Amino acid sequence: MSLLQAQNVHYIYQSKYQTVHAIKGIHFAFEGGRFYAIVGKSGCGKTTLLSLLAGLDLPTEGQILYDGKSTAERNRDHYRLRAVSLVCQNYNLFPLLTVEENVTYPMLLRGVKPEQAGKTVREKLTAVGLDSSYYKRLPAMLSGGEQQRVAIARALVSDAKIILADEPTGNLDTENSELVFSLLQRLAHEEGYCVIVVTHDLAIADMADEVLRLKDGALVD
Amino acid sequence: MKSFPYIWRMALRRKGACLLVVLSTMAAAVFMLFYPSLIETVRTELEETYDGIPVTGSILTAGVDSAPAVSDSLWRELQSSGYFSELYASSHFGVRAFPKGILEAKAGAGASEQDRLTAFQTLLPRFEAEDSGGVGGPMMAYNTFQASDELVRVRDSIRWMDGYGESCLEGSERVCIVSESWGYRPGDTVPFLARVLVGRSLVEGIFRLKVAGTYPGKITEFASVMPLKTMEELTVAANTAQRQHGNYFAWTFGIYEVYFTVKDNRELDGIKTMMTERGLRGSDTVRVRIDDRILKETAGPIESNLAQLEGSYLFFFLTIAVLGAFISFLLARDRKPEYAVMRMLGESRLQITLKALLEQFVLCLAGVSLGAAAGHFMEVVRFDGVVCTMILLCYTLGAAVAVMLTVRVGVMDILRDKE
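Just so you know, the sequences run in chain order A and B.
Everything in the first sequence is counted per my numbering, starting at 1 for the first residue and increasing by one.
Everything in the second sequence is counted per my numbering, starting at 1001 for the first residue and increasing by one.
Don't read these hints as lab results, they were simulated from the structure.
Please read all numbers here as calculations on a predicted model, not as lab measurements.
Keep in mind that a hint or two might mislead.
Unchecked claim - Cross-link-like lysine to aspartate or glutamate pairs, in silico, EDC-like; alpha carbons within 20 Å at most: (1) B:Lys1100 / B:Glu1130; (2) A:Lys24 / A:Asp221; (3) B:Lys1336 / A:Asp57; (4) B:Lys1336 / A:Asp77.
Said to hold, decoys possible - Only some residues are given here: those of chain B computed to face chain A with a beta carbon under 10 Å: (5) Ser1003; (6) Phe1004; (7) Pro1005; (8) Arg1009; (9) Leu1012; (10) Pro1337; (11) Glu1338; (12) Ala1340; (13) Met1342; (14) Arg1343; (15) Met1344; (16) Leu1345; (17) Glu1347; (18) Arg1349; (19) Gln1351; (20) Val1411.
Cβ coordinates follow ideal geometry from the N, Cα and C atoms, glycine included.
With the rest of the complex left out, here is chain A (with noise of 0.2 Å):
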């Protein structure tokens, strides 16, 4: 059965000189487990269908379901909390938290204690590849592949299924970038979550396992 679905899905917004259809009709079935990658060219609609899976806005026609149910009929905040969860292209840590506060700071919200979270952070955080020293560092002493590290463990510790995630290369050396892929590769094939990561890097979306190529709004083949 599919974690998320997207039914028909049409995104239609008022810019400041047109009205822009954005999605066009999109109908798609995502699983847990596997890797997708939505490609397409600048200004296709990606971001703006992401935003729709994220819960952050909602569709004008069709609609997003979770677990059986629409976003719509959904509180948006605990569906954000609880089943998905974001990891964007300029990381978006908390420049004034500590490395470890960032991580915990999801779990703070789910109402965990926190000398409770400091196991399950620091797990998270050596699965990323950050070892102790990192922990007590502020973000901008980190470099951008580390600071992404530390924006998926963050996404980690929360218990969604569901990664989303917008450019996360896309300010990383194709060293990180690899290693980067290669851990979000990872956890949908060894831990079952379900990566939806959105690149206009082709290479890079080959390594996923499904492809879904926006043009216009619309899925082409």
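Following the hints, complete the assembly by docking chain B onto the known chain A.
Showing chain B alone in chain A's frame:
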């Protein structure tokens, strides 16, 4: 709210921003705690002005032949009103009398009171004659010795009968103060003929007064002086006697001149209202003067100043709300990316707003506490819980508006455009 300690850590790591909030609210606290004492100083100055500047006035009969300015009932009302610290009143009617020498020449030395009265009645028809030696003029009545400037002027020269003094005018005994030139000594009894115009008729009657004191020389203002209450009783007695003789007329007792000092200047409006309602102000036959010009010229600017200060108090609280909104907006604007990440991680707008507000509240509380403590330590202000609470509320209210506006972020736009 379990994540608040982390929000708080982020806030504390923004030392400049924290310092800005703390110092601003600290300054606001010192100022707002000092402000009431400023108002109090001006209020005290106003009170001192009201208490320190005497306001006097008068109610006078306008015109020569006019009726008394103040009726007996109104006079009693003025006395019992409590509005006045000093109330001097005078009335008068015409009298005729004969010096003691002339009266004794007619009645014989050592004559009895009755013989003297008979001699007085005998002499009266010849009063108008040039060689009669009669004396006449207004019999003045005062409610107190101080009511007559002329008596006050000669007070040290007055010879008093034993047991009598200036206070005799405050009572209702049938006494008088006359000129030594009439020849009477303190303790003697003087017969008078009262001549009162009642309507168009001249009514006359004889009465006798005991000499309580004599003054040297002559005072042109009056022939003799008697207590005001005595005059009132004399009026009542005369009217009663006339009615017994079948004459129905009323010799109306009234006050021709009243001089007063206002007891509490704050009640000036009440006094003016009372005088207007009693028909004293705006009347053609009565002249009312209240000399409050100096008070008005002194207290007016202070009152205006006080009103401005009190009015500004509310304005300053609004300013604190605006300050809260402005500072919070500046701080929150820079934190939009943080709010976007919080939203991304599943926090609701309400949760973020409450955390941001709590953060601002705690910082403001610190600032206000420090301000109150600093002011108290420097002995420039007194702690006032209500003012401190108001500052906290106003600042937090302003901050709430700013935070609510800022938290409405376009999450995806910010997440993508961060760099």
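Verification of the supplied hints:
As the CA atoms of Lys1100 (chain B) and Glu1130 (chain B) are separated by approximately 18 Å, the hinted pair is consistent with the 20 Å bound. Simply put, Lys24 (chain A) and Asp221 (chain A) have alpha-carbon atoms about 15 Å apart, close enough for the 20 Å limit, and the pair holds. Restraint check for Lys1336 (chain B) and Asp57 (chain A): satisfied, since their Cα atoms lie roughly 18 Å apart, inside the 20 Å limit. A hinted pair counts as satisfied when its Cα atoms are at most 20 Å apart, and Lys1336 (chain B) with Asp77 (chain A) qualifies at roughly 17 Å.
A cut of 10 Å between beta carbons decides the hint on Ser1003 (chain B): the least distance to chain A is about 4 Å, and the hint holds. For Phe1004 (chain B), the interface hint holds, since its Cβ comes within 10 Å of a Cβ in chain A; the closest pair sits about 9 Å apart. With a cut of 10 Å, the hint placing Pro1005 (chain B) at the interface with chain A holds, because the nearest CB-to-CB distance is about 8 Å. Taking 10 Å as the C-beta cut-off, the interface hint given for Arg1009 (chain B) holds, the closest approach to chain A being about 7 Å.
The beta carbon of Leu1012 (chain B) is positioned within 10 Å of a beta carbon in chain A (closest approach about 9 Å), and the interface hint is therefore held. At a threshold of 10 Å, the smallest CB-CB gap from Pro1337 (chain B) to chain A is about 7 Å, leaving the interface hint in force. Here the hint on Glu1338 (chain B) is kept, as its CB sits about 6 Å from the closest CB of chain A, short of 10 Å. The interface hint given for Ala1340 (chain B) holds, since its Cβ lies 7 Å from the closest Cβ of chain A, which is under the 10 Å cut-off.
Annotation: Met1342 (chain B) was flagged as interfacial toward chain A, and the flag holds, the nearest CB pair being 8 Å apart, inside 10 Å. Interface restraint check for Arg1343 (chain B): the shortest CB-CB distance to chain A comes to about 8 Å, inside 10 Å, so the restraint holds. A least Cβ separation of about 5 Å between Met1344 (chain B) and chain A falls short of the 10 Å threshold, and the interface hint therefore holds. Among the interface hints, the one on Leu1345 (chain B) holds; its C-beta lies about 5 Å from the nearest C-beta in chain A, closer than the 10 Å criterion.
Here the hint on Glu1347 (chain B) is kept, as its CB sits about 6 Å from the closest CB of chain A, short of 10 Å. Taken as an interface hint, Arg1349 (chain B) checks out: its beta carbon lies about 8 Å from the nearest beta carbon of chain A, inside 10 Å. At a threshold of 10 Å, the smallest CB-CB gap from Gln1351 (chain B) to chain A is about 8 Å, leaving the interface hint in force. For the restraint placing Val1411 (chain B) at the interface with chain A, the shortest Cβ-Cβ distance is roughly 5 Å, inside the 10 Å limit, so the hint holds.
When held up to the earlier numbered hints, the structure conflicts with none and fits them all.
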